[in-house]
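Could you build the full structure based on these sequences and the hints that come with them?
Just so you know, full-length UniProt numbering puts the end of the sequence shown at 67, numbered straight through with nothing missing.
Among the hints, erroneous ones may be present.
Distance condition first, Cα-Cα at most 16 angstroms in a straight line; then the derived EDC-like pairs of lysine to aspartate or glutamate [to be verified]:
1. Lys42 with Asp64
2. Lys56 with Asp7
3. Lys61 with Glu19
4. Lys56 with Asp8
5. Lys14 with Asp64
Bear in mind the hints are in silico, worked out from the structure with no lab data behind them.
The structure displayed is predicted, hence computed values, not measured ones.
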Amino acid sequence: MLVQLADDYGGRVKVAKLEIDRNPKTALAYGVRSAPTMLLFKGGTVQATQMGLVSKSQLTKVIDAAL
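In C-alpha cells, the structure reads:
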C-alpha cells in the first residue's frame, strides 16, 4: 500500500522500508516499538508517527497534513 501511495502522490512522497530485526538501533532511535510503524519525515524531521495497521484513507490524511 505504501508504494501505491507514493505513486498516487506523483513523486512528492518517497517510501523507504526498514527491517527492524536487522536494524534494531535505528528502530530504537526513532521509538519504534511495534510493526508496522510509519514515520513521516519532512526536511529530515519526523512530522508524524502512525503505529499499527491503518487504512489507505487514514494514511492519506496524515500525508496531506504534512505536505
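A quick look at each hint next to the structure:
no.	hint	verdict
1	Lys42 with Asp64	12 angstroms, holds
2	Lys56 with Asp7	13 angstroms, holds
3	Lys61 with Glu19	25 angstroms, violated
4	Lys56 with Asp8	11 angstroms, holds
5	Lys14 with Asp64	14 angstroms, holds
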